[in-house]
Amino acid sequence: MVCEFLPVQYKKQLLEIASIKDLIEVGYTQRSAYQAKERGVISDERCEKLIHILGDRAKNVLIEALNEFTSQLNKLGIAASSSSIDCGKINEINSKLNEILQLLKTNKKTTRDLDKVYDFIK
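Residue 121 is where the sequence shown ends in numbering that gives the first Met the number 0, and the numbering goes up by one at each step.
Take the hints with a grain of salt, since some may be wrong.
[Stated by the list, open to error] In silico SDA-like links for lysine to any residue, alpha-carbon gap of 25 Å or less:
1. K20 to E44
2. K20 to Y9
3. K36 to S70
4. K36 to G26
5. K48 to I62
6. K11 to E91
It is worth saying that the hints were derived from the structure and are not from the lab.
Produce the complete structure using the sequences and hints provided.
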């Protein structure tokens with residue numbers, strides 16, 4: 000669920016962090032693992048598996064992506080204040096994103112908990 004919304008640049012960062020062994024565990028052959036790292040392209044399904052395999056090594060990339068997402072929502076909130084979009088909803092989303100970031104920063108949660116977090120914000 001996380002990778003569906005993860006910008007390409009963050010998927011590339013995950014591939015940079017991953018070892019060839021990690022990519023083989025995700026389902027790549029050795030040759031295709033090298034190609035994936037070289038090209039910086041990974042499917043959403045394999046990206047999800049890679050996040051689970053990387054565990055805490057993926058955490059900083061995911062936090063950075065969430066921070067960027069929060070920033071974009073804040074910008075949207077500024078733009079929305081002059082339109083008909085309900086700012087209360089944007090504030091609610093911001094609040095939930097802050098909770099997610101706090102959970103990740105405490106280092107008490109694993110990347111597997113991101114699925115629970117996703118269900119929480121739906």
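task: Determine which of the earlier numbered hints do not hold for this structure and return their numbers in increasing order.
output: 3 and 6
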